[in-house]
Structures are given as structure tokens and as C-alpha cells.
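J.: From first to last, the protein sequence lines stand for chains D and B. Numbering-wise, the numbering used here comes out as the position in the first sequence, counting from 1, plus 81. Numbering-wise, the numbering used here comes out as the position in the second sequence, counting from 1, plus 799.
Each hint can be trusted.
The list that follows gives simulated cross-link-like pairs (lysine to any residue, SDA-like), each with its CA atoms no further than 25 angstroms apart: (1) D/LYS927 with B/THR809; (2) D/LYS927 with B/GLU807; (3) D/LYS753 with D/ARG764; (4) D/LYS1067 with D/HIS1035; (5) D/LYS110 with B/HIS972; (6) D/LYS878 with B/ILE889; (7) D/LYS288 with D/PHE515; (8) D/LYS110 with B/ARG983; (9) D/LYS702 with D/SER768; (10) D/LYS702 with B/HIS987; (11) B/LYS986 with D/LEU700; (12) D/LYS135 with B/LEU963; (13) D/LYS878 with D/VAL896; (14) D/LYS110 with D/GLU124; (15) D/LYS83 with B/GLU937; (16) D/LYS121 with D/VAL91; (17) D/LYS962 with B/GLU807; (18) D/LYS702 with D/ARG764; (19) D/LYS83 with B/ASP929; (20) D/LYS135 with B/ARG983; (21) D/LYS135 with B/ALA989; (22) D/LYS121 with B/THR933; (23) D/LYS753 with D/SER768; (24) D/LYS962 with B/ILE827; (25) D/LYS135 with B/ALA936; (26) D/LYS878 with D/VAL848; (27) D/LYS1067 with D/VAL1034; (28) D/LYS83 with B/THR933; (29) B/LYS986 with B/THR933; (30) D/LYS286 with D/SER364; (31) D/LYS135 with D/GLU124.
Since the hints were derived computationally from the structure, they do not count as laboratory data.
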Amino acid sequence: MKPERWQEIVRLYYAALERKPEERADFVKEGCGGNESLRKEVESLLACRPRAEKFMESPALEAAGGILPENPQAGSTEGNARQKHEIPGEASARSGRRWMTPPWWILFLSVPFVACAGFLYSWLFFGPEPAGWMLQLDNRVSAEGWNRITSVGPHSPAARAGFQRGDLIPSRDLDQFRAHPQAAGQTRFQVKRGDETTELTLTRKGKDREYWLGSEGIRALLLIVDSVLYLILAGILVVMRPQDSLARWGAILLAQFGVFLPMTVVRIPGSSFMLESAHALRSLPIGLGPVILLGMSICTMGPAGAFGFLGGFPRTPLTGRRAWLFTWVPGIVVTIPVDLRMYWLPVYAGANGPVIPIWLLMPGWVLGVCYLAASVVLLMHNYRKIEERNERRRLRLVATGFGINVFAMAANLAMQTPVAPIERFHYAYWLPYFEPARPLLVALIPICTAYAILRHRMFDIHVMIRLGLRYAAARGLLLSIIPATALVLAVDLMTHGNQPLVEIARRRGLLYAAAASGAFLLHVRQKTWLNALDRRFFREHYDARRLLSAVVEDVRRAETFDQAASHVISQIEASLHPKFAGFMVHEPGAASFRSVVSTFSAPAPIPAHSRLIALIRLLDKPLENSQGQSGRLQQELPLEDLEYLKETGAEWLFPVTLGGTGTEAVLVLGPKRSEEPYSQEDREILSAITGSLALLLERSLVVVPIQSGFGECQSCGRCYDSGVAICETDSAGLSTLPYSLTLARRYRFERRLGRGGMGTVYQARDVELERLVAVKVIRSERMPGTDAVARFRREAKAAAGFSHPNVVTVYDFGVAEDGRAYLVMELLSGCSLREELVRCGRLDTKRVLEIVSGVGSAIAAAHDRMLLHRDIKPENIFLTKSGGEEVAKILDFGLAKTLAQEEAMDSMPDTAPGILIGTLPYMSPERMRGTPATESCDIWALAVMAFEMLTGVHPFASSADWRMVLHGGQFPALNADAPGLTQGLKEFFERSLAADRSRRPLSARQFLTELQAALQEQAYLRA
Amino acid sequence: MAGVPSHEVTQLLQAWSAGDRAALDRLIPLVYDELHRLAHSYMRREHAGHILQTTALVNEAYLQLVDTDKVKWHDRTHFFAIAARLMRRILVDSARSRSAQKRGGKICRVSLSDSVVFASEPDADLIELDDALTALAEVDARRAKVVELRFFGGMTLEEAAEVLNVSADTVWHDWDLAKTWLFREMKHRAKR
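Required output: the full structure, derived from the provided sequences and hints.
T.: Written out as C-alpha cells, the structure is:
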């Protein structure tokens, strides 16, 4: 596009925006003056504008969240998969931030809840027995004020005293009762029943042992336990997910229920209870009483809370202004009269106080019912709308928790109608079973809610129950074997009590010994077995992840697709337990995809031209077929394809390679036998596996047959396939090596670059990423056994995990199928510091400073990460050019070993017994004596190297017979008359290379700073 | 990188601000590494419920790398501009490498339409956006820069305005047009 045209577009676009939407079209038409393409361009931009509004709304990183590869260089599929599949718990455990500080207002809101719960608990524990009646406080039938008893609980003090429903009591007596409620005692009441007036005495007992052991007391305790559970889970939700508004709503709802529960203990909540506890509340320190009543008042808004939480579940519910508008404001307004009548007036005004007419309470009740009804409707609506199976499970779980309780409570409420037969049934059959079960039922709500919020991936409820029961049974069996054996033996002894002990031992001694040794074995192994049981039940999915991640690695090494495919299928079967799994392969020219490997019966072939295959080709990503889902798949696919999916029961289809001209393949998976859905993590690992398989499938079309060996030119190092006898370039003979030219099916050797103590370095081509790399093949005698291989892997991993501009980058490492251990590194051009020293003798000061600074900063960074190099020497420093400047890179960090391990191993010898790692002329005195390597050995070597670069000679060259030094001789004196040393430098090196470790610089950074100072001084002196 | 001394970055930053192009070449790998490292640690924390925020990330990188007492405000905005460019590179590079591994280099073109099946392919979208943004930069460098600063650098209008030395209002207008144009461009490309 030309700049002028763009300018014109920009001008028209902004100008059009200034006008009203309906005038824009005309304006643009006019402005373009007949230039149709310009008009179209501007109009399409204007048309796109509203839709682009949300585009790039959140920054790229947030949008891409969590998909960076582990390492910028080695972003392998496997690393990628691992990165993505971290278990949330693990990840947060690593970062150490599982609990977070909730926002201030939540802490503020929790005060009334906690105060209220505290008061109710203490009242329940230490207060007197509740009177057990329900009073209608405003039923004033005369000026004196008579209050009607609307209900009397069975076996309650009120019932014992002879009160009946419909009795009238004067406010005067009630106020007296309210003002002096002794913990236990008698209160006389005037009672009007019909036309007669009598006097009854209410006797309330304190809560003694008898009370707590009775059904009432136990029920109260259980409900208190429930209430505590609610509050604790509310707290956990808030602390674990303070930013998640769903969790906040859930926490508020649970807290509301949690505070409300103890009030139901007295069976008759509300004004009568408040009348009894009024004295206690008013005698609390100033301010605490209202806070407690505020807590109760917030609980009255339970239905609003339920609406806020359930209405949006499992997505984010109402937030911000809408939350206030739809829940809290109406909730507060309509419940004020209810709160006043139920809580505030009985406490602060008494029975003679002002009266809130009953009609004012109606909106509160009506709105409460509306909220509850709306919650149910929205919950059902959401359930229909959600397609993700896991979300549906979460919703079902919450609905189960609430549904069971709502049903039970509704039934309970319905039976409290004053119809004699129903009431009889209620007391005789319902209450005895319902009451003990109620605490359990009630506990379902918080458990289900918290679980559904905190766990994002879950089993179906019935699977959970089944698994739980199986686990409990297995654990119980294991734990009960010892006591059961002991019991059997004891019973046996007792039943044969008349026989002498010798007789018993003779007859069944062997049996006893076997039982005892079995029990002993069990006792010893119990912990292990219990752990195994735990793993079996709960850690299976960790294993699954491990297995599948290993598959990605295996596939990379496999030679043919068929071989890899059967391995993949067996591993998928072992880790995910699908009902079936298989690969369907389509050869070019064939009519259909046929099954090549599968567990159980092979699925029928799919026609290659079917809509299903076309769709997967188009999407190029896994396709889910969830049965019974009114999804778009049902609309997209023709009937025969749907039938096919239904018959095979395939749940997921993963494309391996589709759309190419070569062989195509699809991985078909049935549902898991555990009925658990495939999680996002499963799908991502499976995608990674199919991705690797795709490479294999493509490669297997072009790869030459495996070679039996390769030739390497003895003089120039060029590598050839077997069969070539003479080097093309210099006609020298080739030495044959018994390995394939392509290492690990990925790195094709081109030229030998050098040989060292560790192994041989080749220039190779990475056939997957099409780039040149350096591959170091470790000498086989350095890798004598599996121990060495394991150590190599560990160390290579440490090196690969450390990147620094002055350290050669390690791309990959491993042990190839033919046993060669290798490290793949960036290919550098340049020469080693040793070569440079041989060529130039001495280097100039500025260059020395640059090289030492680079190497030193890398060493310092490595030391920060507890990595030691242990073999710093000019041969291991490579000088390369980058952006016109010389950069020194350290090679061979592969020898490093973490300091932490070193400490753990104490003074164990280094890599193999009797072998000292390092090169003698660069080894510090204490290292020669055999003390474990520390940072100081790297710094020492750096100092020796710096000396060598500055002077061209080794600091101890004059007298060094290293073998003698090693065998206990004196460490030589510094070669102080080396050329080019000023007094300052000499002092510096005398310090840095002192036999006494305490005189030397402590860290690589300190070494650098001191060297810089010394060199600057030298420059100054010269000037 | 923990081993990079802050004075080094500070000096490079000052040198670059003073017009030394070579300083930028040396600065970039240092900042790139640090941003990359931070992006990772941020993502780990995100698992624990943290909200991922580019601004916080870039700020942290700044505090880690630069000796804040020694730089002028002007240098600071320069740093943030580099950071935005590097964040673009980090994200797009990683999207590309993943994409390449997934399907042997072939980038699947996916539309941004609301269709359930076609959406949720952040990698391809990001690569597509990067291409479109490069195209935009050819005709209108400033608006492309605005997108880089806002979308990849997570900057507010005011911050971007400061870097570009224009008013926040201008940035808003630029952002509006650039966003619309990119959106349309990506839809076009997806159809092709």
C-alpha cells in the first residue's frame, strides 16, 4: 500500500467517526470521490470497528497465559508438555504461595460472622436450656399486651410446665423473664387459655452431663461441628482464592449458613430465642451486641447469597455493581423489618416495645422465596447451557449438596403443619430418623460447594462414592488383619483354656507361628503398603502423566511408525485406561482408514472421504465426540458418520498427520473406564505424542535404511556413510566406527571437530530443525555402566538448565539407542583460548579484561545456582565472534555437579573412585589434597588463566612438577618475575594464588572487581 | 539473569539513549533473558491463582536489571519500549516454535470468528497478528508501535504516550485504528 493511500484511509476513518453512524456511509462515499476501492476499504474498517472493540483487550502475555516453552533454546515438545502439565498443587507448592491474603473488606465482613458464631456457640454450651416455645410477640389482644404461643416443642421445658399452643402470656411476665433469665431456674407466668386464666411455672435446667448425653445434646454438638465446618471451609475458600469471585460468593454463602445453623439447634429460632438470650447479649461489652446482631441480620439474606452464588455457577457470578443491584440492595431493604422483628427489638425493646406489623415482613419472605426459586431456575438453565462435561459435573455436585438439603428441609417444614395425622407421622417416624441424619445432610452443602469451587477437574459423584468405598474397604482390610489375627488367636486360646499350653503349642504351634510371622511382616511393611494403596487410588494420574511424558521421549527414538504406535497404545492403555485406543492409518491411494494397532477389537475402517475425516483435517486438532451432547458435531456430520462414532464409541479423535500427500493417521480413543473425562492435560500430552508421531511418520518416508557403521576421515575428520573408503577432500583413508552416521535419528554427523579427554566433538546437522550443531559424543569408557549414564544425564540436565551469554548453549543431551551418550550444543566458530595463547603468546590487557570478565560473570552466575565447573582451563574457553565483538564462551559445563549434591555426598570421591576431576596445572592446592571441590577451585583456575593470558607463562611454571606437588610436596612459589607484571598485579596474583585460602578473593565477582582495579592501576602507571 | 550486574545494563541503557546503536545489541540479549525468566516464574505463580500482568512483569525486570538511582526518567521509558518489543519477540517466537513442532512448520490459519470449533488457537492467532503487525509497520510505523507497546508491553495509554512523546489522546486514536485494521487484516488472511 502506498503511504498516500494509507494517509487518505486514516483521514477518512477518523473523520467518519466524528459523524453519526447513519451519516457515515454517505460521508465516506462523498469523501472518496468515486474511488471505489478506497470507499470499500474505509467502510470495511468502520464495519469491523465494533467487533474489534474487544480485540487485544488484555495484553498478549495474559492472553497467551502459560504456554511459553521451558527453555528458549530447547523448547522440545516434551519440555513443552511438561511445562503445561504441571499439577496446580505442585506448581504452587514450588512457588510457595498457596495461601493469599484476602482483600480487606472480606476480613471486615468476617468480623460479625465470627462474633455471632462465637456468641451462639458459647450460648449453646453455657446458656440454660431453651424454653422451647415459639411466641408471636405482637399479638396484643388487650392494652396490657398478650402474646400468643404459636408452637411448643415436645419434651421442652415449656411442654413440661404445661404450656400449650394458643396460650396467651402477658408481656409483663415475658419482660421479667427477659430481664432475669437465671441460667437455671423458675419463672412464673400468668396464662390465659380460652376464657380461663391460670398460672404456670417454667422450670429450666442447666446443661448438665445428662443433657449432653441425651439426643438433644448430641444433636446440638453435631450441628455445632457442622457450623464450624461451614465457617472453616468458607475461610479456606477465601484464603485460597481471594481473587475468584465465585469463591468469594461461595464463602459468603457458607458463612451465612454456618452462622444460621446454631440458631436452628434451639429448634425454634427467632424472637423467642432472642428474648432468652437478650440479657446475655446486653451484658456484653459495648458494641459487641450490635455486631453479633449484625451477623445474624446478614444471615437473613441467605437467599440473596444463594442467588448470587448459584445463579452464575459454575461461571463467574454477579460482580461489582450488578451484584449490589440484584442481590444486596434489595436483600438489605426487604430484610430490615424481618431483622428488626426477629433480632433487634426482642433484645433492645422487649415484649412491650414497638411492633413491626406482620405485613411488613411479607416482602422479605416473598423475595427470599423468589431468590431461591430463581437460583434453582438459573442452575437448571446453566446446566442445559454448559457443554463442557467437567463443568456439568461441578454443577451437579453443587446441586446435589443443596438439593438433598432443600428437599429434606421442605419435607420437614411440610410436616409441621397442624394436621393431626401428619404431625403424628412427623413425630413418630420422621423425626427419629431425620434428626440424627440432619447434621450429616447439612455437612454435604459446604463439602460439595468447596470441592466444586476448588477442584476444577473432578470425577462424577457416583464414581467418587465408589472409589471412596473401595479405598476405605482396602485400607480397612489392611489395618484390620493384625487385630483380627490377634483376636482369632485369643479366642482360640480361650476356647481351649482347659488344655495345657504345651499341648496347644504342639497341636497348632506352626499355625500360630505362621500367623505371628505374617502379622509381623504386615506390621513392618504396613506403611509401605498403605502408601502403595494411596498411590493406587489417588496418585494414579501422576503416574499417568509420567508414563505419557516418557512416551513422547520414546517416540522420538523409535524407528518405525508401527513400532512406536504399538508402544504408544500400550502406554495409553496403561496410563489412561480407555475402553479402547487405536491408530487408524490411511495409505496414499487407499479408500479408507484402517486400524493398525488397537486394544481389544479393532474399530471398523472409516472412509477416507468421509465428512468426519474432512472435519478433522480442517480443524487439525483433536475432535471430541461426546455422546448425548447437543453440540455442533451433531449438526456438522452426516448420519452415517454419527452412526459410526456411536457404534465405535470413540470419544476423542486425534489427528496424527492429515492433509498431507503421504500416509495419514488418526488416534481414536474411547471413553476412560474410570468414567473420568479426559482432562485438558491429558489432551495436551496426547497432542504432543501425536505431534512426535507425525514427525516419525513423515520421516519414515524419506529416511535411508539404518547404517551398520560410518567412516571418518583420519586427517580432516569428514564423516561418510559406510561403504566409502577414501575421503573425497584429501584422499586419506577412513577409520570405520561401529555406529550409525545419524545419532539418535536426529543428528547427522558431518565432520569431526576435535577430540578431548571427555570425548569427540562433531559438527552435525539436526535433521529435525535443519540447523548445524556441535555434538559431543562422550567416550564410551567414561560411561562404564548404568550409574555413569544416570550421572551423565543428571549433570547434563544441570548444564542444559543453565544458560548464560558466556556459556555454550546446550540444546539437547541423551543416550542414543546404540549406547552413545551425547551433548548437543550450539556450533561456534573461532578457536579455543589455548590455541590463541599458543598463537599470540601474551594477550593485551583490554582483551584479557574482556575475556576474564565474561568467563568470570558466567562462573559467578553458575555459582549462584550451585553449579561448579571444576575444569576451567584455556582449552575449555572458546573465543567466538558475536556482533563484531569477541565473546568468550565456557565449554564443558557437563562436568559440573551441583554443590548441594556434593555436600550431601560429603567427602565422597568425585566422578569415579580414584579419579580426580580437573587438570593439574589449573587445580588449586586444596583440591590436589583431595578436599571436595568448592567455588574456590573455579576461581583459582580463573586466576591461573588470567595470569597466563597477561604474561604468557604459567604462574608456577618455573618449578612445577605437578606429580611431586600432588604427592605431598610443597606448593611452588609464584613465578613473580614473569614479564608484564606491575607491582599491583603481582600483589593481586600473590593474593589470588595464595596457598592460604583465606587470603584469596571469596567469590568470582570479588575476583573480577579486584582484577579490574589492578589492571586500571597498571594502565594508569603506563600512562 | 541473576549474574548480570545491574550497572552493566544501566550503562548500556544510558549509552543507547545517548545514541550508541551497538549498546542496544548488547542490551537486548540481557533483557530478553531476564524477561523470559520472569515470564516463566510469573506463569508458575499464575497457577497458584495469581493474575498474570505484563506491566508487573516488565517492572520487575526493570528493577532487577537496572540500577534505578542512576538512570533518568527518559531512559526508563526507553527500557520499557525495548521490553515491549522483546515481549513480542518472546511470545511470537515461542508460538512459532510450538507451532512448528506441532505440524512440521506448517502454520494453521485460523479465523478469529466466534465459531466454537475454530477459536482457541492462541498460537496461530499470535503468529498471524505478528505478521499483520509487521505489515502495518510498513505503512504506519507509529501505529504499529502503539500496538507493540500496548498489547505486548502491557502499557497504559499514558505510558505509551510518554514513550512515543505524543498525547494520550493521540495514542487512543492510533490504538483504535490499528486495532480495527489488524482485526480486519487477520480476518482477511484467515479467509485466504
